[in-house]
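Asker: Here are the chains, one letter per residue:
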Amino acid sequence: MPEVIMPRLSDTMEEGELTRWLKNVGDEIHKGDVLAEIETDKATMDLEAFENGVLEKQLVTAGTVVPIGQAVAVIGDGSNVATSAGEPNDAKKSAPAESEPETPESAAEESAATQSTEHEPEQSESTQERGHASGPEAAPAPGAASRALRTSPLARKIAREHDIDLDSVTGTGPQGRIVRADIEAAIAAGPSAEAAPAAAAQAGPDTVEVPINKIRKVTARRLTESQAVPHFFLTNVVDAGKLISFRKDINESLAASGGKVSINDLIVRAVAVALRAHPDVNSSWGGDKLLRHNRINIGIAVAVPDGLIVPVVQDADRKSLGEIAKTTVALAEKARAGKLKLDEMSGGTFTISNLGMFGIDEFTAVINPPEAAILAVGAAAPVPEVRDGQLVEVPKMKITMTVDHRVLDGATAAAFLRDLKGILEAPLTIVL
Amino acid sequence: MTNEAKTNDSIQKSDDGPRVITYRQALNETLRTELLRDENVYLIGEEIGVFEGSYKITAGLLKEFGPKRVVDTPIAEEGFVGAAIGSAMLGLRPVVEIMTINFSLIAIDQIVNHAAKMHAMFGGQVNVPMVIRTPGGGGQQLAATHSQNLEVWYAHIPGLKVVAPSTPADAKALLTAAIRDDDPVIFLENLGLYNLKGEVPDGEQVAEIGKAAVVKPGTDLTLISYSRGMVTALEVAKQFESEGVSIEVVDLRSLRPLDRDTVCASVRKTSRAVIFEDDLLTYGIGAEISATIGEGAFDFLDAPVRRVAAAEVPLPYAKPLELAAIPDAADLIKVIREVLDATRFER
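These protein sequences, in sequence, are chains A and B. Quick note: the first sequence uses our numbering, first residue 1, plus one each step. Quick note: the second sequence uses our numbering, first residue 1, plus one each step.
Hints may be right or wrong, so weigh each one.
[To be verified] Calculated lysine-lysine pairs in the DSBU-like style (CA-CA distance at most 30 Å, straight line):
id, chain 1, residue 1, chain 2, residue 2
1, B, K269, A, K217
2, B, K269, A, K339
3, A, K341, B, K269
4, B, K334, A, K23
5, B, K63, A, K157
[What the hints assert, rightly or not] So the derived label-pair ranges between C-beta atoms look like this:
id, chain 1, residue 1, chain 2, residue 2, range
6, B, F298, A, V304, 44 to 52 Å
7, B, F298, A, K248, 50 to 58 Å
8, A, T224, B, A120, 53 to 61 Å
9, B, R347, A, A426, 26 to 34 Å
10, B, K334, A, K341, 35 to 43 Å
[What the hints assert, rightly or not] Non-contacting residues of chain A with respect to chain B, defined by C-beta distances greater than 12 Å in every case (computed):
id, residue
11, R156
12, I158
13, P174
14, Q175
15, I178
16, E184
17, A185
18, P211
19, L223
20, R295
In case anyone wonders, no lab produced these hints; they're calculated from the structure. These numbers were taken from a predicted model, which means no experiment stands behind them. Glycine included, each C-beta is placed from N, C-alpha and C at the ideal position.
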């Protein structure tokens, strides 16, 4: 009566949580069948049967953490099954046939039905029982410390592009295959299974080690890359008076329909309009060439609880102010909920970082490579100014552009910034 | 050959826009137009003259063009295909009707070893500008020997072109292109398509042989088919549309040359692919498409390419068994759902 023990599924594994039973007591089992899912320190993996027979006992319930080597189930001939007495007979009848090569009759039976490729081993649940034992993937690897992850080619590609460690991703496709949705979830969700268990190990009495989540890892890598970029900085002071009253007017007229436009939406649109007039700025460094982008996709830096994410307003120059407002609200909400899809945070050609709401007067932002520039927007703060002999209060907003000198020179960037200032100070041009 | 006067009337364009006609009528009109246009074009085959064709594709043509342009033959496929090849080498443009693709096997040596090879083996000194029109397909209770889809046999052979229109408009444009092409073209028809109605533009329409068409754009899954399979494919795609699944449907139109670029471009966009074919699964069109996707779009696949094809049996005569063996919308829907589920598609 062979027992099924908790296997060692990774080098660092000491115990595993049996998260879900996939076979019930009384089920007929074939070598290679997946009995349960085990969550280790690295990933969720399959617990495979090394024996044919009937699952007689489940020794632990789902959700139990079990040390390596401890028995979790018993596979026998079916005589000791407490429940569903009818099924073991069927098992006896069909089990021996499984280990033999397919007979001509069974082949004929199989082809009598309309054919599709569903008998590919990794495709179908139902054929798992029938064909899996003889398939190449079924060969159990007793004590194997590592095993190939099932990953769709697309998921693998996206993971590579975003520096995602596949070991840290839980696959939810057939037989635990990692599919695009899993990688997108990993990118959007941030903290991964990999980071969680190692949390809070004390490095010293006054210092706590905080595990690095995915977002921070990517942020660190991308911004370190950015340090290699030869930067220069340009600052302009914008009279935001008209911009603010323009926004007020718009929002009053939108009040009935429930729409709302933020200062940031106006800036996104203004930048898009300015980029259209300055296509050089809408470029990126391509190693041995410059890439001039025909689409104007504006990234917006959004703070999320565990890091920074830059969702992208695609084709901002072709969207109306209302569309931009709707898009930014939706993107920010998704970003905070960790639900951004990959295409909603890629393809940016220029980024805006706005810390005005924190009362920051001015700052410089780090370029989001490979983009050529980023705009840092400060708060609109009241400044005294003499106009027509009168002292008046004028809201001034400092905008600072960080520029990749490999792509753009000072004069080009300055012309862009000058025009951007002009648009922001004459906001009707924003909607043109 | 004396039809010059008529030529002028018949090519006149109408301003009424596209008419809705059957696939059968589109073929008949195109044959007539080409017979009028080029005196070197002639038709040859069994029962195509007095009887007007087993499926009435050549209705009225013997009466209009006479027995030198519409040639009835004995039941001797190897003989009349061979005669057509010889005449094509000497400059005529024969359009052969083989009653069904099943009977082309009797002429396969002529087609594969002669028509397909002549141009290359004689160093380009001769062309074989011949069309073989022939319907395939099951579902008409014609039993195993009269219900096959043998197009893949010909699609395998360099030197041949194989086109497979799925609509009346394509029937016209591809038949016109096939007749004017200087290579032998197998023009695949389907018994189940002859009564299909569709809009057909007036005036001269010449398709480019070797181009597939994205007949319905979509973003979530690429569904590839051809000939009669397209009818089911479009129906199923429409049904999924109402569930919020956007299926891109690609009509291959030409099986040789095969438009690999269009197929791969679509899969690179959707990351999921299903092939629907009336033909058998093993070594089929779907196998070739699947390999093409593996070579051209591997990194973009989120799930294995799936094929939906006929059961691997000689097609039964009994209606329930025939229906069970031929792939239908339900089979296709099931597989599409499996692919969507396997990639955790959110509806």
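Asker: Taking each numbered hint in turn, which are not upheld by the structure, reported in ascending numerical order?
Answerer: Per hint list: 5, 6, 9, 10, 11, 12, 13, 14, 15, 16, 17 violated.
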